[in-house]
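Asks: Below are the chains, spelled out letter by letter.
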Amino acid sequence: MGASGSGKTSMRSLIFSNNPASLTARLGATIDVEQNHVRFLGDLILNLWDCGGQDAFMDSYLTTQRSTIFQHVGVLIYVFDVESAEMHKDLEYFRDCLDGLRAFSPEAGVFLLVHKMDLVRDRGATFERKKKELQEHGDKGLVPGQPATSLTVFGTSIYDESLYRAWSSIVHTLIPNAAVLSKHLSIFAEACSATEVVLFERTTFLVIATSAPPPAAAALEATRYERTSELIKAFKHSCSRVREEFHALEMELPEFSAVLDEMTKNTYVLIIVHDPTIETAALKLNIRMARRKFEELQGLT
Amino acid sequence: MTTTYGATSSTPATRRTMSGTGSTPRIARTKILLLGQRRSGKTSINEVLFNALPPKQTFYLEATMRVVKHAYDSVIPLEIWDCPGNITVDTLGAPLSQFSALIFVIDIRDLYKQPISKLVEFIIAASHSNPQLHVEVFVHKAEKLQEDDKIENFRQIQERVQDHLMERECEQMPYNFHLTSVYDHTLHEAFSKVLHKLIHSLPFLEDLLNVFCANSQSPKAFLFDAASRLYVATDASPVDSATHNLCCDYLSMLNAFGPLYRSTTSSDARLRIPAAEPSPDNRSPAETKDRFYPSAAASLHPSAPGTTLTYHLITPHLALLALVPTGVWEGRRGLLEYNVVFFREGVQEICAVEREARGG
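These protein sequence lines are chains A and B, in that order. Residue 258 in my numbering sits at position 258 of the first sequence; the count goes up by one each step and never skips. Every number in my numbering is 1000 more than the matching position in the second sequence, counting from 1.
Derived by calculation from the structure, the hints in this document are not laboratory data. A portion of the hints provided could be inaccurate.
What the hints assert, rightly or not - Straight-line C-alpha distance at most 27 Å; calculated DSS-like pairs for lysine-lysine: (1) B:K1118 with A:K236; (2) A:K130 with A:K140; (3) A:K236 with A:K265; (4) B:K1197 with B:K1118; (5) B:K1144 with B:K1056; (6) B:K1056 with A:K130.
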């Protein structure tokens, strides 16, 4: 949810339909609610409700459709345009939506995206200011005694990796066995002498789980997962333009060796190795051997 | 042609970003003049290609107030002169005979007399002092217009330049037009074509690529300058833009991946990359073999009769990108890599000769 023109449909088309950011200008306004079923990790089906943000729609969500809209909500993603001219009105709608959510789906997670961050120059300071404003506002409508809804705020832009970071955290809360996957990825990483193993969802390339973080001494770039999602998605799009389909990648670069390959039918695995003696062919063999175990973990067999 | 140039320019006052030429003043650099009206996109072109500036950021670039010489080492050492908009033949501070190519940038929305008459002035001056100069016109910022207007404006600009030159009775000077934009691959393709005209060893590089393709069942192979993503040479089969764009994107992905997973503790053992400037005496094949050369492969189809896109670093600056049938890549990788080694030795030898000729 979010105000009209804040970028809800743009980000949906970027994450779930493999469209590049440059084409989002062609998207029209969303009328009423567009429902999407996205199969995510096989048996986990995300039901995305992209709610048109024009005032008439918003008013009807909050009155006549209130029970339909806010029932059985897993997560509410509320999008704010960072340069909104009507922040006051946006915040009012947001508070009303939050009230609706508390009444019908009190368990739902709430994520706030301060979107179009590419338009502001001083990203850090602007984001902190907005974050504070939003969190203060979220607590305002609270009836005394009611527990505060925990709000997670992200600054995002469709032009860089920040969008993938936000969405990866959102879907992470929805995956039931994330901890188990992480544990097995750590074992797999050890078997490969790998520094790190990352599991991605196949169509969105959002991060599902990672192996245990490498020791602090060998710390890697903090935004690497989101950047990887972004790079692979961009390359997938380049491939589709020549009617090819990206399938697998292996690299032996001065900095590291890596293999990115299909793990199960709906996941991809990225293995990062820094040991110069490990060959990529060995990593590929390991992926083949591990495939069945991970299918089992996902309940695919 | 290049060897007749003075080794360095005589105008040290205008030097600002002379990173490369400062340390190796003896190398004769091939000079490219970048001209055009104010705000036509000259500095943007230079920054996007040679400093890896994201196209969106070019909006924030400041106006160039004086000539900035940008040194860039690729297959040949280049020196790009980024000029302010108001420069004329007389205020340039160097004779046109010093340059190998002139790139004139025209904003596609700027159909009026000014840029065209300025271009014509330079063409006429060049026809007197340096008739071998390659004049290339980049009709730039193509992304600002719709498809139909784009073609129409492009045609009109060409026509007007032609008319003006006819009026001035200067028709013997050859020049080319390119439609470019920093937001897609057209700029890379156009600049690559300019670069090809400046590389004297191009036929030899192309021969090597032809031999590589024939022996590796590769339908297409490019020798790219890795950092700028300009292709230096390709095999004899026609270049189709889609394949070129894919290779360009692949290279930009690989360039971006490197720093992402760099580890401060363990990379020392891996770094066996060749020294940036190998001296002529370690040119022999035996010594190049034990060095580490980065490589990568992306398979583009899940099943066997698909294509694999391979990447092999050839020299510190150049990378070989080839489309190879997946069956060949998986079944006869050893042979393919042998071909790469053979190709690498050839290219390194050509580069060494080039360096020697330029006094490096």
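Asks: For every hint, state whether the structure bears it out.
Replies: Hints, one by one, checked against the model:
1. A threshold of 27 Å between alpha carbons decides the hint, and for K1118 (chain B) with K236 (chain A) the separation of about 44 Å lies outside it, so the pair is violated.
2. With a C-alpha separation of about 16 Å, the suggested pair K130 (chain A) and K140 (chain A) falls inside the 27 Å cut-off, and the hint holds.
3. Distance restraint check for K236 (chain A) and K265 (chain A): the Cα-Cα separation of roughly 17 Å lies within the 27 Å cut-off, and the hinted pair is therefore satisfied.
4. The hinted pair formed by K1197 (chain B) and K1118 (chain B) meets the criterion: a straight-line CA distance of about 24 Å does not exceed 27 Å.
5. Using a Cα cut-off of 27 Å, the hinted pair K1144 (chain B) and K1056 (chain B) holds, with the two alpha carbons roughly 13 Å apart.
6. A threshold of 27 Å between alpha carbons decides the hint, and for K1056 (chain B) with K130 (chain A) the separation of about 25 Å falls inside it, so the pair holds.
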